[in-house]
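If you read the sequences in order, they're chains U and Z.
The opening residue of the first sequence carries number 132 in our numbering; numbering runs sequentially from there.
The opening residue of the second sequence carries number 7 in our numbering; numbering runs sequentially from there.
If you are wondering where the hints come from, they were derived from the structure by calculation, not from laboratory data.
Here a beta-carbon is modelled for each residue, glycine too, at the ideal position from N, C-alpha and C.
Watch out, some of these pointers could steer you wrong.
Some but not every residue of chain Z turned toward chain U, in silico, with C-beta under 10 Å [what the hints assert, rightly or not]:
id	residue
1	Glu8
2	Pro76
3	Trp112
4	Trp175
5	Thr195
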Amino acid sequence: MHYPWWYVPHLTAPMLIAVISVVHVLVSHYAVGGGLFLAVEVQHAYRTRDRSYLDYLRRHAAFFILLTVVFGAITGVGIWWTIGLASPLATEVLIRTFVFGWATEWVFFVIELTAALIFYYYWTRLPQKTHVAIGWIYALAAWISLVLITGITAFMVNPGGWLDRPNFWTAFFNPQFLPQTIARTGGALLLSSLYVYLHASLTIREERLRDMVAARSARPALLGAVLISLGGLGWYYFLPASAKAALASAAALNVLVVLIFALTVVVFFLLYLGPYRNPGWLSPGFAASLCLFGIAAFSTGEFIREAVRKPFVVYNVVLGNQVFPDEVPRLQQQGYLEGGVWTKPFVAERYPQVMVEEWIEGPRMLKRIDGSRLLKLPPKDRAALGEVLFQYHCNDCHAAREGYSAVGPLLRGKSRDMVLQTVQHLEAAQFFMPAWAGTPEEAELMTDYLMSISPPRLEGMRVGTRSADK
Amino acid sequence: MEPQMLIEPASAAGVPAPMWFIEFFKVLGFTLHAVPMNLWYAGLLIALWLHLGGNEHGRRFAARLLRQMPIIVAYGVNLGIVPLLFVQLGYHQFFYPATILMAWFWLAIVGLLIPAYYGVYLYAWALRDGHEGVAGWKKLVGWCAALFFIAIGFLFANGWSLMEHVQRWPELFNAHNIAGAALGTALNTGDPTLWPRWLLMFGLALGTTAVWVLVDTAWLNAGCGDEYRRWAWSFARKLYTAGMIWAAAAGAWYVFGTWPPELRATMFEYPMVILTVLTALAPGLPWLLMMTAGWCPAKRATVAAAAVAQFGVLGINAVSRQIVQNVNLRDYGDVLAQPTDVQWSPLVMFLLVFVLGLAVVGWMIAQIRRCDA
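Based on the provided sequences and hints, a complete structural model is requested.
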């Protein structure tokens with residue numbers, strides 16, 4: 132409403148955020164845990180004078196740099212890009228609230244980057260103590276950057292006291308901050324071990340060394356799994372009631388929660404039975420399976436974290452359709468098309484017949500959209516304007532005819548009255564939907580459009596009622 | 007469709023930092039970003055060209071720059087975060103609509119950057135085995151990376167020019183929408199300022215690359231020998247001269263060929279005329295320093311002065327760009343007059359961490375300098 136809406140066919144623009152975010156976190160957590168792994172293990176290798184382990188760690192550091200400094204960093208930029216494109220109002224609010232959190236995180240990025248590059252490029256040239264110290268600087272800076280970004284992403288789930296006392300610190304130390312920090316620290320430990328296993332199983336020929344890598348990374352991985360579970364419990368405990376209810380009521384989320392629980396249990400037992408008890412099991416196949424299970428669990432967790440926020444991008448602050456909740460009553464009075472910065476000029480240009488001149492401000496005659504004139508438009512134009520409403524009001528979560536959570540198939544066979552009732556009382560139809568933010572006339576237009584894209588009830592279905600069993 | 011109607015009103019919540027602070031970090035961040043960005047923008051192309059057909063010294067320098075390139079890109083991307091953060095804070099009402107109108111192209115920057123960055127790594131790591139280590143297909147990947155970086159520059163030029171030319175929005179929105187939603191397929195190619203802006207940056211980038219040739223020779227390649235130093239000085243002079251002529255031509259096209267009369271009036275009136283003239287003349291200073299220095303192979307003081315002067319060229323360019331941006335946006339809202347609600351304690355935290363971060367980075371650099379010595 133405040134900004135132009137970006138139409139992404141089939142997928143919807145916010146799903147691009149989800150895709151890029153999931154890909155990014157799979158690497159960014161390794162950037163944190165992997166740094167800790169390298170610092171601890173290089174220190175150990177120096178202490179035990181294990182030359183072959185040092186050689187392996189150097190190869191691992193090259194892999195680490197290629198994955199985190201390139202792919203991790205650029206997909207992190209990619210998240211910035213997509214949130215600005217797909218969710219500009221929420222991004223505006225987050226940046227206004229957390230600009231100095233992000234700026235501080237950037238300082239730690241600089242430290243991380245410098246430490247990572249020196250750690251790798253000066254591998255044999257730095258004194259051992261300095262080399263290890265730089266490894267630890269990297270690990271600490273990377274973990275602090277995790278803490279900083281977690282404060283911001285946790286705020287989106289539950290802003291807590293910020294709603295009453297809006298300042299940086301109440302926003303940052305929100306109820307979700309601690310549990311998510313614990314869970315993400317655990318995730319960093321677990322994921323990095325899984326990457327280490329995969330890399331080690333593919334590149335180490337020496338059995339002794341491979342067994343040692345398997346054994347030494349098992350404890351942090353198991354600790355990571357425990358921290359994820361503890362953090363996950365805290366995350367659930369501090370969820371807003373609406374998010375808990377969404378988890379309980381949405382069938383897909385139910386399945387995903389069971390899936391994440393099952394995957395975590397599988398990963399835990401594979402870690403325990405494999406690297407912890409039987410390090411010799413670490414074959415490429417075993418490591419790849421472990422990594423895939425871990426990545427699946429992690430991706431599912433990230434998806435659930437995103438999904439439970441509905442209907443908000445930032446709980447009680449910004450709705451998914453880029454409207455502030457406080458704006459809804461005004462839009463219901465004034466009209467969504469009239470209130471939209473981009474919708475009003477669009478309507479004025481394409482449908483001048485619905486504009487009325489209302490008042491004079493300075494030397495200019497201002498025009499507004501007249502609700503009654505909207506209803507006098509030909510059916511084709513009414514549906515076309517309904518589509519405009521759909522793009523801005525609904526396309527953040529729903530594709531139209533086909534694609535992600537497409538509305539057309541959801542409305543299959545419904546009567547016009549039923550669809551109209553649903554549009555007018557969206558938040559009642561599904562509690563995790565935003566309220567209708569338009570006038571009754573606009574609800575009619577939206578209904579016209581929805582009826583034009585909803586397929587008829589399937590023939591041949593016998594459910595026992597005469598009207599339906601035609 | 008009146009472009010004024012497409013601007014979101016400034017938020018009553020206010021920006022959390024003084025506008026001078028936002029402008030300062032936006033300009034400083036862009037200047038710092040511009041140094042490595044210039045090196046991958048023009049420097050990569052020059053290095054690939056020298057590596058393909060240069061003489062012995064040219065190939066030697068090319069190999070050095072190509073090996074340094076992954077680190078240059080890493081810092082360039084990192085330093086780009088600063089202006090990006092502050093432009094979204096202070097200019098969100100212009101930044102978001104402009105980038106949404108060209109969303110797919112804007113997103114393509116990320117898609118181009120990842121292979122370009124890996125391409126640079128591939129070339130750099132292939133050079134560990136000497137010039138012969140770079141197989142034909144790896145050379146091709148290097149050239150693709152250079153082209154991708156140039157394409158990224160073009161897309162950025164589109165984004166920034168579209169952001170400050172709000173009058174272009176209605177036409178692009180009308181041509182690239184579906185039911186009032188942006189398709190994200192608009193490019194600002196109809197804007198006459200786009201092309202000279204893009205080309206101007208390439209001219210500046212040639213100059214920065216020329217100065218880097220000297221910086222590398224003076225500090226990072228101390229044992230290179232007099233013959234190589236002479237080549238480096240000669241090459242840097244020629245490259246800087248070419249870059250300066252290029253920048254002068256593109257700059258003249260930009261100022262005299264595309265600026266609207268109001269902007270020209272503002273920028274040529276006192277006191278702005280001082281800045282305009284200084285921006286135009288600034289590249290002359292590093293050029294003079296390079297041209298008047300003798301052939302003596304170890305003129306570190308002159309190189310340092312040229313490097314500082316070139317940083318000044320980029321800085322003054324960034325200041326001028328900022329002022330031109332503000333003047334262009336003046337009709338659509340005075341960004342400098344936005345309400346503020348300063349977050350003092352987080353601001354102080356950032357500044358303290360910034361100083362601490364510089365100290366930590368300084369300590370790490372001291373360690374490697376000791377190591378190199």
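Practice item. If any of the earlier hints don't hold here, list their numbers in rising order. Key: Those not satisfied come down to hint 5.
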